[in-house]
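Starting from the given sequences, assemble the full structure and let the hints guide the process.
Protein chains in written order, with my numbering: chain W, 22 to 329; chain B, 971 to 1221.
These are calculated hints, taken from the structure and not from any lab test. These numbers were taken from a predicted model, which means no experiment stands behind them. Note that CB positions come from ideal geometry on N, CA and C, so glycine has one too. You may find that some hints are simply not true.
Stated by the list, open to error - Footprint (simulated), chain B over chain W, 3 or more residues, beta carbon under 8 Å: (1) 26-36; (2) 80-90; (3) 266-274; (4) 315-322.
Unchecked claim - DSBU-like mimics (lysine-lysine), calculated; alpha carbons at most 30 Å apart, straight line: (5) W:K136 x W:K307; (6) W:K289 x W:K160; (7) W:K95 x W:K186; (8) B:K1220 x W:K234; (9) W:K287 x B:K1220; (10) B:K1220 x W:K95; (11) W:K160 x W:K287; (12) W:K186 x W:K234; (13) W:K97 x B:K1220; (14) W:K234 x W:K289; (15) W:K234 x W:K95; (16) B:K1046 x W:K136; (17) W:K287 x W:K97; (18) W:K97 x W:K234; (19) W:K307 x B:K1046; (20) B:K1220 x W:K289.
Said to hold, decoys possible - Sample of chain W residues facing chain B (criterion: CB under 7 Å; computed from the structure): (21) G129; (22) L133; (23) A249; (24) T252; (25) M253; (26) A256; (27) Y260.
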Amino acid sequence: MQIYLPIAEVSVNAFLLLGLGGLVGVLSGMFGVGGGFLMTPLLFMIGIPPAVAVATEANQIVASSFSGVLAHVKRKTVDFRMGWVLLVGGLVGAALGVQVFAILRELGQVDLLVKLCYVLFLGVIGGLMFLESLNAIRKSRSAGPAPKTVRRQRTWIDALPLKMKFRTSGLYISVIPPVLVGLFVGVLAAIMGVGGGFIMVPAMIYLLGMPTKVVVGTSLFQIIFVTAFATMLHATTNYTVDMVLAVLLLVGGVVGAQIGTRIGVKMKAESLRILLAIMVLAVCGKLALDLLLQPAELYSIGTAGGHG
Amino acid sequence: MIRLLVVLLIAALPLRAEEIVADMSQDRISISTNFDGSEILIFGAVKRDRPEPEGQQLAIIVTVTGPREEVVVRRKDRRLGIWVNTDSVEVSGVPSFYAVASSVPLADALSPEEDALWGITTPRAVTATAPEGTPAIDADFLSALIRVNTDAGIYGSAEAAVQVRDSTLFSAEIALPADLTEGNYETSIFLTRDGTIVDSYGTSIYVQKVGMERWIYALAHEQPFLYGLLSLFIAIAAGWGASAIFRVFKA
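Here you go:
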């Protein structure tokens, strides 16, 4: 069944969109990731204009994170104070990102920027994750003693001013690093159409030293507001949010996520992570090839000033 | 301008040996939610008040031109090992859609002089509205523009797509793709004898989004803030609703 998307102005098979939403939903349920970093490149591949894909993904992430955050609030695993601090940075970052996006769109370099960001981040994160899970598997095979817990070292972060108490996380640190983390993730959210959890979660654990149990809830809390803000900015400056596309992806995604969660429970954590790493590297490789190999058609057509 | 003059000139000729009488299956296309392209049938007859001239080849040419717009054609080049858009050229007055169908190969149906005057073959049609004195577009970029749009199914020429019966009745089917730009699609029918245009007939098809498509598009452009809020609200409601339904099934 073909459906005409009013903002993207293309006609796409509705079941393809539901299926894509479902597939990415299964993966995000299995691995506990947002899935924006997979969905946005997939949307490029089926012919949705990149500007529409990025803006619509932001809208979809708001919705898919919403039910997630409710569950975390119920379990009291959200550090609201930290969330607000991250959010301040995130909002500024998203505003910056949307501006950069608009300027590059005029210059015809949006595709390049988005793809470069994807190659860079997916490559680094996929690579790290792959190595780490290989190590973990090797360790569990050799069945040595449990690794000693690493106490966070005192670093330059502790020397920064403007300290604040974060009771839920049990931290007393400067607000500057979380604001910067938030800012960075906000820029990514606006440019790449992702929530940014894949950057924020490691940053919260390794850089800020937050306890693992509050990390996911807190990042979801920040992601909802930042992506909602990015959606509004894209809607008002670029007119590129397609609500029909968002709803179709979402319905598929929610159902897929429920299935994925059930599959995820049955699989070992290490093998899950290595699968996710391989997938991330595959998407990265595909995008990198697009940039490195000579394209079949060197010319492209964009609309002057307005859409596209 | 030249086109208009020529049309007036031909219309003013008192005695025309042959005249086109034509109509279309529809003069209005509505883009609704399930829009998946459309086929229009253009049909008609050649009206004569005297016997058909002997030994002159008759041809019918049908063109459909979408609303003209300004586009940017970009060329990729290798920079630091990756392929990047480097040069670009802005072209104005480019048809968002162009289809030309003819009863015999276009080269036989139309002389180059007539083509230059009327802008019928795709390269001519694309640059037809360029004002006098504007520098010509780089040939590489122009041919790339046509090639990319042809590959995308936006431009096309179909030879022998116009059926002519007994040198009198003719019909042509033109397929319009799903990703149409809204606006007026000018449809022209030309009757040629030995490559010279004898008569022409012009009409237009109006393409418009309707219903929900119209409403969403208008809201997004006229009330973007409200539209953004509504998108967020609908998405959250849909996501929450879908997971609620799933929970009910599970329980």
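Point to revise | Hints violated by the structure (listed by number, smallest first) | key: none
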